[in-house]
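Asker: Starting from the known structure of chain A, arrange chain B on it as the hints suggest.
From first to last, the protein sequence lines stand for chains A and B. Quick note, in this note's numbering, the first sequence goes up one by one and the last residue is 636. Quick note, in this note's numbering, the second sequence goes up one by one and the last residue is 1124.
What the hints contain is simulated information worked out from the structure, not anything from laboratory work. None of the values given here were measured: they were computed from a predicted structure. Idealized CB from N, CA, C, for every residue including glycine. One or more of the hints may lead you astray.
Unchecked claim - In the SDA-like style, the derived pairs of lysine to any residue whose C-alpha atoms are separated by at most 25 Å in a straight line are: (1) Lys194(A) <-> Trp65(A); (2) Lys194(A) <-> Val1017(B); (3) Lys194(A) <-> Met212(A); (4) Lys194(A) <-> Leu1049(B); (5) Lys437(A) <-> Leu421(A); (6) Lys194(A) <-> Phe1095(B); (7) Lys194(A) <-> Ala1071(B); (8) Lys194(A) <-> Trp278(A); (9) Lys194(A) <-> Ala619(A); (10) Lys437(A) <-> Ala371(A); (11) Lys194(A) <-> Arg1048(B); (12) Lys194(A) <-> Tyr1064(B); (13) Lys194(A) <-> Val211(A); (14) Lys194(A) <-> Leu205(A); (15) Lys194(A) <-> Phe1081(B); (16) Lys194(A) <-> Gln613(A); (17) Lys194(A) <-> Ala1065(B); (18) Lys194(A) <-> Ala181(A); (19) Lys194(A) <-> Pro1055(B); (20) Lys194(A) <-> Gln1070(B); (21) Lys194(A) <-> Pro1067(B); (22) Lys437(A) <-> Leu362(A); (23) Lys194(A) <-> Ala296(A); (24) Lys194(A) <-> Phe1044(B); (25) Lys194(A) <-> Ala270(A); (26) Lys194(A) <-> Leu1068(B); (27) Lys437(A) <-> Arg361(A); (28) Lys437(A) <-> Asp323(A); (29) Lys194(A) <-> Thr183(A); (30) Lys194(A) <-> Gly269(A).
As the list claims (entries may be wrong) - Footprint (simulated), chain A over chain B, 3 or more residues, beta carbon under 8 Å: (31) 1006 to 1012; (32) 1058 to 1072.
What the hints assert, rightly or not - Chain A stretches covered by chain B per the calculated footprint, using a threshold of three residues with CB under 8 Å from any CB of chain B: (33) 172 to 178; (34) 290 to 296.
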Amino acid sequence: MTHWIVVPLVLPAVVAPLLILASRHNLAAQRVISIAAAAALLAVAVGLYGLAQDGTVRPYLVGAWPAPYGIVLILDRLSATMVLLFAVLALAIVVYATAGWDLRGRHFHPLFQFQVLGVNGAFLTGDVFNLFVFFEVMLIASYGLMLHGGGARRLKAGFRYVTVNLIGSTLFLFAVGTIYAVTGTLNMADLARKVAAVPAGDTALLGVGAVMLFLVFALKASVAPLHGWLPTAYAAAPGLSAALFMIMTKVGAYTILRVYTLIFGADAGALAGIVTPWMLPAALATLAVGAIGMLAARSLLGLACFAVVWSMGSLLVAFGLFDTGGIGAGLYYVLHSTLAGASLFLLVDMLVPQRGTAEDRLVPAPLAHPALLAGLFFATAVAMAGLPPLSGFLGKLMIMEASRGSTAAVWIWGMILATSLVAILAFARAGSVVFWKPARGAAPAGPAAAPHAASSTADAAVTPAIATPAPHAASSTADAAVTHAIATPAPHAASSTADAAVTPGMATPAPHAVSSTADAPELPAGVAPGEAAAKQGASAPVAPGQGTTGEGMPSQASSSHASYERPARARVPAPPRLQPLPVAVLTILLGATVALTALAGPVRREMGLTAAQTLDTGAYVRAVLGPAATAAAGRP
Amino acid sequence: MEVLVASGIGLLTAVGVYLVLRRQTFPVIIGTVFLSYAVNLFLFATGRLTINRPPIYASGAAGYADPLPQALVLTAIVISFGMTALVVVLALRGFLETGSDSVEGDPSAVAGEDATVTTDLARP
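The shape of chain A in the complex, shown without the other chains:
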């Protein structure tokens, strides 16, 4: 029994509190410790992967309690592969974060380490209830990472994400309880042994538990009817958190694979293959939903989110075959789609600040560094959509080849090919809008004449000024600056953090200056501010250049018809320089998919061996419970 198996759990569990307690105020130290921990995790994962190569299943008995009673961790080819994949991803993300994301909120690095703990635990555990606990650890850390940086939109999306997962966790507990009530155990190996021997009267109840458990995993893996939470949550999450969450959908797929080959697999008696009839249709529906969503996406993040849903569909088609070929192909695709999906989110994260106020919406906008970003986008899109040079193509090819013997082969081939075409279309459309369309009309000089500067992050600055060429300045973070000025050459300035500055000033040359922390200063309005337009939810600051020119005319029209978008683009600060570190990380992730392509043969064989071992329930049970266990239950 080697103690290295527990290191992927102990390392982040020690590092995370260390980061909080010892270096809370020292970001440089946090970065060093966090990167060192991620690098050490990668080294350990490589070591564990090498250890698992001999094909034996290694149980780690925590506290040396014998298997069905104590907590047990299991290292086999499958869990070693997943831990290695996650370690690569985690190191890439934490290096990417040091380029600035960890400055935008507190405790990024500790949360990240807790996420590592949860995901590694979910991969290594050999016990259904500990799977629940590690799921929770993973999810709680992911809530923190999803909300990292804050903002109203992120909070709303976060509430839904947390609630959906809370309901999922409740369902998980119901499923675990049902399974325990019938079998009297929650150890996976013990369950695999006992499920076949369940009395006939109880199989229906156990089946209910199995299906509920499948629903939970399907929710995590964003299988079609349960995928709704993913686009909202991932689109609102910070780019690097979304990239890290690529592994969380894979955790769902991994647990489906683990539980429904080991416990409810081929030799589970009456419950053998209980989810098999559901898996393929659900996976095909996921493919369709993902492709339609990609085509309908109006933003790059929406496109990326539905691309993830779509790639989960391909993956679950492969796993849904539940044979060596399908699972082997699916595992190759897991490696590819995790790296490609993470690259896509990181790319969008780099792209968004370069596009000014257009952010991630699919509209033409000027773009800094177009050549480099377009090249990276092209490579990422090729990888994600599964075009020939990169590993997505090989993965899809393997999946289709594996499905040839299946009765649903026509459906699988048809859906994969058709949705791949749709995905290529969607990526081509997005790429051409973002990179090819000339930035015409971009940086309009429109309101530049007036000294109004409503800059990029002003949420709603409605400034209907009547007959006044007053210099209004609703500066950067003003949430809503509604300044009604009637016949007043007063310089209104609603400055930086004013939440709602309502300043109806009439016939007064008094300069109203709503200073930085004023919440809602309301000056008395004697004369009715006639056509005061308060545009509900105005997203674009109204350019005063048009409202103020008409002599004595109400400025209603100008504020309610935003015939232009983002008028003050001239004053938008120059986009941040593209930092070399994120570009390097992204290039390395893309390079990994290239390496996957180059090494397709060996990796494929390796994954085939992993699949064969995954399907070998007997060896797993013998390794965990001892040689006598299988004989006692009368299983081969």
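Answerer: Only chain B this time, still in chain A's reference frame:
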């Protein structure tokens, strides 16, 4: 007793599911609380219903209650408490920042704009 416990769990679950499907955040939170109560009771019952039986070794005990579900419930309670606290804070912050307690949030917020609702105040 079985009928009482089973129908109690069923009732709690039904109430929870109903509330979770509401549009405001507060009923949703209460709904998740009901659901977690239901699941905790359910986990207790998975060890079979026993009365006056110790879950640990005691000399002269006629029988034992299953200790494992109690350990499971303990874990589940701790997690669901923490999660409920988090979701309350999230709902509160969301309400304070957007002025709306709808689960959907402001439509423009979902569409990708940082929303503000303070314009209501400015309406004459």
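Asker: Out of the numbered hints, which ones does the structure contradict?
Answerer: Going through the list in order, the structure violates hints 2, 6, 15, 23, 28, 31, 34 and respects the others.
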